[in-house]
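Participant: Can you make the complete structure from the sequences, with help from the hints?
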Amino acid sequence: MECKDKEVMEKLVEIAKISLNEEERKTLCDELSRIAEYLKAVGEAARELGTEPLYYVWDLGGPLRDGGESHRVDVRELPTKVKDGHIAVPWRGGRVEE
Amino acid sequence: MTEAGSKLFCNCKANYRGMEPNTNVCPVCIGLPGALPVVNRKSVELALAASLAFSCSTPEYIVFTRKHYFYPDLPKNYQISMYERAGGVPICRGGRVRYLDIHAWEWKECRLRRINIEEDPGKTVYGEGGILRSAEAYVDYNRSGVPLLEIITEPDLGSAREARQLVEYVLLVLEYLGVTNPRLEGAFRVDANVSVEGGERVEVKNIGSTLDVERAINYEIMRQSAILSSGGKVERETRHWDAERGSTRPLRQKEQEEDYLYFPDPDLPPIFLREMVDRARSLAALNDPSALFAQVVELGVSKEMAWSLVTTRPALELFLQSVKRGADPQLSARLIAVDYKGELREKNRDPYDPSSWPATEYVTELVRLVKEGVYTYDAVKGIVLPKLAENPMVDLKSVLPQRAENLDSIIDEVLKREERAVKDYLSGKAQAMNYLVGAVIKATGKKALDPRAIREAIEKRLGRGS
Amino acid sequence: MKSREAWQELEKIREGRDVVGHVEEVLARVEKWEGEVKAYISLEIPELLRQRGEELERRLRKGEKVGKLAGLLVSVKDNICTTALPTTAGSRMLDGYVSPYNATVVERLLAEDAIVIGKTNLDEFAMGSTTELSAFWPTRNPWDLTRVPGGSSGGSASSLAYGGADLSLGSDTGGSARLPAAYTATVGLKPTYGLVSRYGLIPYGNSLEQISPMARSVRDVALLLEVIGGWDARDATSLRVGSPVFSLEPAEARGQKICLVKEMVEGAEEPVEKLFWNVVEKLSSEGAELEEVRIPVLSKALPTYYTIAFAEAASNLARYAGIFYPSKGSSGIWEEYVGEARAKGFGREVKRRILMGVYALSEGFRDEFYVAATRVRRAIRDEVLKLTRRCIIAAQASPILPPRIGERLDDPLKLYYMDMYTVVANLAGVPALVQPIGFSHGLPVGIQWIAGPLEEQKLISLGLLVESLTGLAGVMVD
Ligand SMILES: [Zn+2]
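Protein sequences, first through last, are from chains F, Y and C. The opening residue of the first sequence carries number 0 in numbering that gives the first Met the number 0; numbering runs sequentially from there. The opening residue of the second sequence carries number 0 in numbering that gives the first Met the number 0; numbering runs sequentially from there. The opening residue of the third sequence carries number 0 in numbering that gives the first Met the number 0; numbering runs sequentially from there.
Source of the hints: derived by calculation from the structure; they are not laboratory data. Any given hint could be a false lead.
[As the list claims (entries may be wrong)] Okay, derived cross-link-like pairs now, DSBU-like style, lysine-lysine, Cα gap no bigger than 30 Å in a straight line:
hint : chain 1 : residue 1 : chain 2 : residue 2
1    : Y       : K441      : Y       : K380
2    : C       : K343      : F       : K82
3    : F       : K80       : Y       : K12
4    : C       : K413      : F       : K10
5    : F       : K10       : Y       : K204
6    : Y       : K428      : Y       : K302
7    : C       : K343      : F       : K5
8    : F       : K5        : C       : K327
9    : Y       : K204      : F       : K82
10   : Y       : K122      : C       : K327
11   : Y       : K346      : F       : K82
12   : F       : K25       : C       : K327
13   : C       : K385      : C       : K343
14   : C       : K457      : F       : K10
15   : Y       : K370      : Y       : K422
16   : C       : K273      : F       : K39
17   : Y       : K386      : F       : K10
18   : Y       : K396      : Y       : K386
19   : C       : K343      : Y       : K122
20   : Y       : K107      : Y       : K422
21   : F       : K80       : C       : K343
22   : C       : K11       : F       : K25
23   : F       : K25       : C       : K343
24   : Y       : K415      : Y       : K386
25   : C       : K343      : C       : K273
26   : F       : K10       : C       : K385
Facilitator: Given below as structure tokens:
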């Protein structure tokens with residue numbers, strides 16, 4: 000099966016922020032076209048049913064929080080680079096030690 | 000919302016100022032896997048009160064949505080907000096702000112499009128080269144997840160000054176509601192959309208003070224007009240306000256329509272507002288600056304003074320209490336809003352801190368003393384207020400100008416003794432009066448006398464009094 | 000075939016049998032099977048487990064009160080956060096990651112003196128139906144080592160099937176606890192949405208999933224659900240109900256109303272069909288009332304489920320960008336760095352689902368995919384709620400017998416079909432139980448029961464009745 004919409008694929012990869020090589024792009028594009036083809040059934044079904052969206056499965060309201068203890072995290076114990084208390088991330092040319 | 004107590008979705012503090020970086024964080028606000036958000040009640044109550052204060056139509060329930068974009072300051076790479084076109088329900092739709100133009104002293108109106116509650120991202124600082132060239136970015140997540148009100152107006156503002164006045168008034172309302180303390184660092188940010196006839200809309204981000212709202216918009220109007228008048232085109236773009244340089248610069252090269260993949264946050268069921276509305280409504284009604292302004296003006300106080308009171312809440316409280324206990328409104332207003340406030344400014348004391356202000360009894364007593372002619376207003380202003388402003392807790396009696404017993408007979412004595420000075424004065428040597436006043440004070444053996452009052456008494460005695 | 004139920008072990012311990020002895024017994028099973036099955040990603044140090052056992056023994060000897068699970072060894076799916084052992088979600092992205100907090104369910108286990116023996120393997124981020132898509136290794140089915148144990152809670156199911164744990168915590172987004180139960184002759188119960196706190200469960204499809212008790216018998220599953228169920232302030236989708244307490248009285252066949260929904264019964268391969276009808280007819284002959292029903296919209300359940308799950312997954316997995324997690328990029332440019340960290344950290348299926356989810360949520364496609372799916376979901380939920388008001392739904396658990404390792408990997412759609420009967424309960428939020436009903440060519444076959452919201456008791460009572468008919472309670476390999 001041929002990948003139909005290369006442009007859409009490029010856009011998806013850009014939004015998802017996953018670096019893919021040409022080969023991966025190609026196979027994934029084919030696979031996604033097939034999956035999308037399969038999932039398309041929901042659009043038709045929704046039109047026929049005419050129902051409202053259901054985002055939360057119960058017709059209930061959510062709770063509100065009135066304060067409480069904060070579970071403080073020490074960022075130095077996470078696998079991240081900490082510099083003077085700040086989390087250091089590569090920006091325009093720095094390197095993060097692995 | 001600096002006064003919300005906790006962050007929007009976790010129990011870390013909403014006011015993170017002064018804390019060491021990344022010490023106000025928990026699994027929820029740095030988005031660790033498996034951690035779940037639960038909405039802070041106070042944020043919703045305050046946001047609802049703000050919505051009611053701005054005459055919004057409030058929905059039966061609110062729904063939070065996720066807005067996705069990758070950025071180092073956004074730990075989950077999505078921000079929880081309220082986008083209405085993807086199942087989200089914002090807390091306010093279609094309100095209005097009636098704000099005071101303090102140059103024309105008239106109320107103007109600006110429509111609101113909506114108000115969202117959302118979480119603030121963390122804060123990033125850059126190394127050498129700044130945001131454009133720094134090798135690394137350094138992020139502090141103490142602010143991450145702090146509740147934020149996003150208030151969006153319709154394009155109803157005609158000038159930079161109007162924009163500034165609107166922002167100032169909105170902040171005043173929010174301060175009265177207890178939503179925010181606008182004087183805290185980073186308590187608010189303004190994005191201004193500016194368009195000049197014949198050009199596209201330009202968004203200016205990162206405006207951090209009300210003064211800069213006016214400066215940034217005026218700069219932008221100038222810049223756009225210059226482009227248009229030289230035959231150029233103003234494209235739609237986003238620009239960044241640089242407060243230090245006093246100019247705007249482009250933020251991104253290409254303004255691509257971003258795809259934020261909005262959808263309702265599946266971790267947060269809708270929140271029904273019904274139970275909260277009554278409380279929020281009375282909170283809004285009791286803390287309406289426009290009503291308080293009207294109330295003060297009604298008492299015969301000038302608009303300028305009334306505004307000065309209303310914009311400094313502890314001053315207004317003090318004024319209203321004093322008047323309630325029978326103090327003369329005009330005198331009280333002048334004493335509080337003009338002269339005492341002036342003293343505070345001179346002494347660099349915070350007028351928004353209630354402890355900078357004296358007790359109500361002090362004000363009522365001072366106003367009474369002036370009213371009954373015991374002291375002149377000038378004496379109170381010149382002698383009492385500076386001392387009070389230094390220490391509002393000081394014993395009032397100890398700073399009042401002292402009154403000598405038998406002042407009249409002392410004056411008689413001095414005038415008799417200082418014949419020459421009297422003659423000099425009567426023959427037109429004005430400085431002789433200073434000498435006489437000094438002599439009287441000396442004769443009483445007291446220091447904290449009101450020299451003006453003595454001067455007046457001497458003049459009266461010499462038949463020159465007014 | 001052996002038989003051992005956790006509640007029996009618990010009674011023995013209460014009667015004075017040594018806890019360390021029990022620990023040793025389970026460790027011996029691990030010793031025997033784990034090398035081939037590979038159910039665990041990480042195992043607690045045996046010496047520590049013995050120490051926990053000794054400590055409990057001391058407390059028991061002193062007559063101190065001990066928790067409801069005292070001395071039982073519980074395996075925990077590796078997408079549930081624990082501080083004592085790493086939590087990887089079966090992904091390179093989190094290889095070696097140790098959570099700074101325990102999931103609510105783990106806190107509740109520990110409060111009842113359970114001993115966490117290890118963290119079980121799963122398809123990466125619970126995305127899969129065979130446990131072959133773990134970034135580390137596939138887990139094998141103890142009943143036939145050439146076959147998969149189902150997924151994504153395959154590690155949990157296998158650990159139970161070979162006796163390497165007394166109880167297990169799985170998670171179920173579209174059948175992830177029930178499909179493995181069916182493939183390993185164990186029991187999996189997907190609770191009502193909101194009965195069990197999700198706090199600490201690494202999310203895949205938040206609006207669909209529940210942490211799910213797994214065990215070798217219905218009674219054991221009930222015991223575990225009593226401990227982990229009930230309201231948690233840290234999960235806004237958690238229901239305001241107390242900890243459930245279950246009666247262990249089997250249901251009476253007479254008067255039992257069972258609905259056979261055509262869309263959830265038909266389409267399974269022959270040996271599965273046969274065993275299904277055996278049980279249903281037996282119940283009927285004992286007096287249960289059967290009713291055949293059609294719910295046409297259920298033919299759309301699978302695409303509806305996958306569309307919603309992909310969308311939520313794409314969003315949930317955005318946070319893995321190389322800042323707080325082990326998989327890092329090498330570029331010094333932020334955008335490239337993130338792209339690399341994600342390319343390296345995620346496996347193929349996860350990338351597929353993220354991209355598909357982005358597609359379903361993106362401007363121009365959102366209404367046709369994501370929003371449309373939520374509309375169909377409402378229709379499905381309404382139909383299921385209407386039906387469960389008058390009967391328990393009987394359904395297949397899986398359309399096929401446990402496939403061979405590698406058999407289903409070539410085509411993602413073939414993988415997705417395996418969930419065709421299980422996703423309905425997740426879409427409708429209702430509880431569903433899968434239990435064993437027999438073996439075909441030595442391979443386990445299960446059946447699925449679905450009841451109304453918070454009607455777990457009905458499932459347990461019926462499950463106990465079925466166990467009494469099949470005799471399949473507590474089974475495990477030799
Ligand atoms: Zn926090």
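Participant: State for each hint whether it applies.
Facilitator: Hints versus structure:
no.: 1; hint: Y/K441 <-> Y/K380; in the structure: 23 Å, holds
no.: 2; hint: C/K343 <-> F/K82; in the structure: 25 Å, holds
no.: 3; hint: F/K80 <-> Y/K12; in the structure: 24 Å, holds
no.: 4; hint: C/K413 <-> F/K10; in the structure: 27 Å, holds
no.: 5; hint: F/K10 <-> Y/K204; in the structure: 27 Å, holds
no.: 6; hint: Y/K428 <-> Y/K302; in the structure: 42 Å, violated
no.: 7; hint: C/K343 <-> F/K5; in the structure: 23 Å, holds
no.: 8; hint: F/K5 <-> C/K327; in the structure: 28 Å, holds
no.: 9; hint: Y/K204 <-> F/K82; in the structure: 28 Å, holds
no.: 10; hint: Y/K122 <-> C/K327; in the structure: 22 Å, holds
no.: 11; hint: Y/K346 <-> F/K82; in the structure: 40 Å, violated
no.: 12; hint: F/K25 <-> C/K327; in the structure: 25 Å, holds
no.: 13; hint: C/K385 <-> C/K343; in the structure: 46 Å, violated
no.: 14; hint: C/K457 <-> F/K10; in the structure: 49 Å, violated
no.: 15; hint: Y/K370 <-> Y/K422; in the structure: 34 Å, violated
no.: 16; hint: C/K273 <-> F/K39; in the structure: 33 Å, violated
no.: 17; hint: Y/K386 <-> F/K10; in the structure: 69 Å, violated
no.: 18; hint: Y/K396 <-> Y/K386; in the structure: 12 Å, holds
no.: 19; hint: C/K343 <-> Y/K122; in the structure: 28 Å, holds
no.: 20; hint: Y/K107 <-> Y/K422; in the structure: 63 Å, violated
no.: 21; hint: F/K80 <-> C/K343; in the structure: 19 Å, holds
no.: 22; hint: C/K11 <-> F/K25; in the structure: 59 Å, violated
no.: 23; hint: F/K25 <-> C/K343; in the structure: 18 Å, holds
no.: 24; hint: Y/K415 <-> Y/K386; in the structure: 35 Å, violated
no.: 25; hint: C/K343 <-> C/K273; in the structure: 45 Å, violated
no.: 26; hint: F/K10 <-> C/K385; in the structure: 42 Å, violated
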